[in-house]
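*Asks:* What follows is the residue order along each chain.
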Amino acid sequence: MTSHSGDIQLDTSGATGPVHAVQRLLTKYPIHKNYNVRVFVQAILTIWAIMSFTFVLVRFMPGNPVDILIEQILTQEGISYQEAYDRVAASFNIDPNASMLDQYLDWFTDLLRLDLGTSITSPGTRVVDEIARFLPWTLFAVGSGLLISFVLGIVLGMMMAYYRDSVLDHTLSLISSFFTGVPNYIWGLLIIIGPGISWRWFDVGAARGTYDPGLTPGLNAAFIASVCEHALLPIITYVLATLGGWMLSMKSSTTSVLNDDYVNVAEARGLKDRRIITSYVGRNAALPLFTQLSISVGFVLGSGVVIEEIFVYWGFGHYLFASIVVRDYTAIQGAVLVLTTAIVLSNLFADLTYGLLDPRVRISGEK
Amino acid sequence: MCKRTLLLLTFVALSLLAFAPVQAQDNTLNVAWPYQVPPTGHFNTFASGGITLGQYMDLHEPPLAVLMWATGDYAGMVAEEFGWDEDGNYVIKMVEGKSWSDGSAMTADDLMATFNIFRLRGDAVWANMTGIEKVDDSTVKFHMDSPSSLAERIILTTNLRPASVFGDIADRAAMMNPDDDGWDALLQELTEFRPESPVSGGPYTILPDTISEANLMMELNPGGFAGDIQHYDMVRMWNGETEVVTPLVANQELHYITHGIPPTTEEDFANRGIDIVRSGMNNGPGLYVNHAVYPLNLVEVRQAIAYAIDRIQNGVVSLGESGVAVEYMTGMSDGLSEAWLSDETLDSLNTYDYDLMKAEELLTSVGFSRNDDGIWVDDNGDTLSFELTFPQEFADWSAAAENAVSQLNDFGFDISARGVQFQQHPQDIYASNFEMAIRNWGLGDPIPGRSYLQAYNRYNGQGQMAGEGAGAGMNFDNNVDYSGGMVNVFDLSNQSSQGVDKGAQAELVTQLAVSYNELLPAIPLWERYTNNALNRNFIMVPDSSDSVFANFGGGADNWMTTLILTGVTAPADM
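Sequences listed follow chains A and B, in order.
Counting from 1, one number per residue, gives the positions in the first sequence under this note's numbering.
Counting from 1001, one number per residue, gives the positions in the second sequence under this note's numbering.
Any given hint could turn out to be false.
Rough simulated footprint, nothing fancy, chain A against chain B, three-plus residues with beta-carbon under 8 Å [what the hints assert, rightly or not]:
hint	stretch
1	1034 to 1045
2	1132 to 1145
3	1396 to 1405
Non-contacting residues of chain A with respect to chain B, defined by C-beta distances greater than 12 Å in every case (computed) [to be verified]:
hint	residue
4	L101
5	V127
6	I192
7	E309
FRET-style restraints, in silico, Cβ to Cβ [said to hold, decoys possible]:
hint	chain 1	residue 1	chain 2	residue 2	range
8	B	S1544	A	Q72	56 to 62 Å
9	B	S1544	A	S198	40 to 46 Å
10	B	T1264	A	M100	43 to 49 Å
11	B	N1475	A	P217	53 to 59 Å
12	B	P1262	A	L219	50 to 56 Å
13	A	A49	B	R1172	57 to 63 Å
If you are wondering where the hints come from, they were derived from the structure by calculation, not from laboratory data.
Just so it is clear, the structure is predicted and the values come from calculations on it, not from any experiment.
By construction, the Cβ of each residue, glycine as well, lies at the ideal position given by its N, Cα and C atoms.
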């Protein structure tokens, strides 16, 4: 038990107990040194930390659900404070003055059971049902917009790089810079005010919502067509707001690759331009953008807040926004959990795939 | 590549064509109110999240009566006859022969169910009531401690709910008392109760399948109250707040909104031929002071502030024609002042017309003077430096704050304005965490005493009332000494809405008005008038000189719902 130098050392070889059992297991199977396991554990801890931070943060926001609804009723209905308080206090099954620790323990216990709880402002309505109601629309609209924007950006960016210093390059650079500089809500408002109100190309009211009322959701042509129609304006807005970024990134990446030696060697070998573009330049230039894309996927859910409000296309962004406005703590926590998980998982995916694509990352991680 | 681009452009063009502009359907009334879609939104109008549709609740859950503000008389709706009996109880006889959209008859059971649920919720109306009794199938008697104008108003402006939906919970509530074991569980059951479909007793009923985030449709309910005198087959209720519905009004898809709109939008609407309807709301922004901060507790200082602000300018700058300067400065609207105060009293009131000389005299009378920079200095040698906070998201109140600060600083105050997040701002006032602030005076209620609850209760100790601990608010001592003697203004506010003797009530209201006018616990700036956008190319209602427009522009007694319930509102091309 005692070393020759007199220092006390722990001999774990014959010890018992859970800690020692874990130590022996890790000695035998050093999974903690595995890159994939480490990033996965980091992801779980990140989600827990963000959720705990969010839990505290929302309770430090001005007003609680009771206060907020009282003020809303007072503003809208012109009744006395006492009447508004009586009505609201009876409507909610919460005690806003309960200790934060008790609330945290309740919430965390439920979360371990994958129970996101019920809405505070709509008592009895499960948060998971609300998320399921709104999430698909954002995934569809913003996801489609992201894919279209990405593909267009890749193609146009490569064209800019290949024909750099040409009229095409200058024109597209100007357009992409302009697109990048205009935020999505400006695009949304311009679309409504210009084509919608001034030129009356479309009916502003009919374009609202996620599909036409009265249709039966399912795999039927009428419903699918309606869904596509209603998602069109949010998708166009998202594409306009993000296309420039992809174009400029792809142009930069392609220009860099075009100067690499292996491209010169390929040209010297007399390979056809088409093969050089697709197999040598395009693939390598797009590689960093795929990582960027996988990270962007995680931000899809949070990207639609303003667009969804402008077009009254209620998806996850609207749900999060509306929950914050009325201080529905359980709804906010549920939404942030989904948002955080999406971002962390997309980063995790980027980490893991980058490790696969570039072995140097994986090896250095394992070291 | 070219083919793909062409295909994409074709898809975009075709999709845009899908939304080709169309005129709103004939015989459909297009109005707006914000609501939540299911599952957050639901059909339990007693619970938070219910799709009530605000004032348009009258269309599916009709009111017992509507107050005609111009005359002060109630017009019966579901209540055919109503009034106090010789024992001081309130008796309502309902119209007969009406039915709910689920086929059940509209009877006294519905009224019983509605008020028993109110009891379960702990609604204020039960503070005056001792019980409720079904006299016959169409008559209900409300047993009262004592007759009260306030109780009458709360009863009559109640929206009726169907016993076929809420009767079970209501019956169980009627058998219990708040101290009973199952009471809280029953209350929870009520808040979590989700009727499968809406049941309407009014002229229109919500079609659940049409509810989207854009709008919902209500179809005619011929058997419901006023269902047989309607000119529209359908009502389309557009969803959303001001910024969401504004494009629809501009696009002429939406024909009437009660949403407050900024003056610039108002001008744009007017240019498009849309009428702007203005009716008093009995409230508006006022300048509140913390009476624990010296020298704001001095009446002379508050009066000087009132004289130093040009309220006409402040109102116009803030809300255009809908920001109407307060004239009488009584703590209630000028309309209520004229209705409840005698001519003699009105003549005696100080209207605090813009007068910098008088403001100067008042400050010098308490030993204040100006320093070398022209800034006022109090009798302790401190400059009159304050911070004025306001809810930064409210454009009109923000403008009122900035303008008031500018005028006061021009006069020699040293005030800095600071915007506060709008949900935080009232909490700051309740917690006395302010020096000067812009908050609302008055209340959209025809009972004058209730207007004073803002100054004497909500912003002055409401935290204690609500059981939330301290919350001294503006720290004003409700025991005041004025030319009429010593009174407790909070008690007066409550007493003035009790009883049914209007003469006695008017005496108390006079005391409230005169004491407020003398002491100015908070300084009213202007009264907010509605600026409802009404497109008369689509909707036919009387012109703006009609007395119905005196009715409150929001909440109960709204003129538009009153006109719908009385069968007046009709398509313009009828």
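*Asks:* Quick one: work out the minimum CB distance from E309/A to chain B and report holds if it exceeds 12 Å, violated otherwise.
*Replies:* Since the minimum Cβ distance to chain B is about 8 Å, E309/A lies within 12 Å and the statement is violated.
*Asks:* If you check the beta carbons of S1544/B and Q72/A, does the distance land in 56 to 62 Å?
*Replies:* violated (29 Å)
*Asks:* Should the hint that T1264/B and M100/A are 43 to 49 Å apart at their CB atoms be regarded as holding?
*Replies:* Since the Cβ atoms of T1264/B and M100/A sit about 44 Å apart, the hinted range of 43 to 49 Å holds.
*Asks:* Within the stretch 1034 to 1045 of chain B, is the number of residues with a Cβ closer than 8 Å to a Cβ of chain A three or more?
*Replies:* holds (count 7)
*Asks:* The output says V127/A does not contact chain B. Does that hold with a beta carbon cutoff of 12 Å?
*Replies:* violated (10 Å)
*Asks:* So is I192/A really clear of chain B, every C-beta pair being over 12 Å apart?
*Replies:* Nearest chain B Cβ is 5 Å from I192/A, so the label is violated.
*Asks:* CB of P1262/B to CB of L219/A, is that within 50 to 56 Å?
*Replies:* Given a distance of about 45 Å, which is not inside 50 to 56 Å, the answer is violated.
*Asks:* The hint says 53 to 59 Å between N1475/B and P217/A; measuring C-beta to C-beta, is that right?
*Replies:* holds (57 Å)
*Asks:* Quick check: the stretch 1132 to 1145 of chain B, covered by chain A? Criterion 3+ residues, Cβ under 8 Å.
*Replies:* violated (count 0)
*Asks:* Has the hinted range 40 to 46 Å been met by the Cβ atoms of S1544/B and S198/A?
*Replies:* Given a distance of about 29 Å, which is not inside 40 to 46 Å, the answer is violated.
*Asks:* Holds or violated: 57 to 63 Å for the Cβ distance of A49/A and R1172/B?
*Replies:* Violated, since A49/A and R1172/B (Cβ atoms, about 46 Å apart) do not stay within the stated range.
*Asks:* For L101/A, is the shortest CB-to-CB distance to chain B above 12 Å, so the non-interface label stands?
*Replies:* holds (20 Å)
In summary, the numbered hints that this structure violates are 2, 3, 5, 6, 7, 8, 9, 12 and 13.
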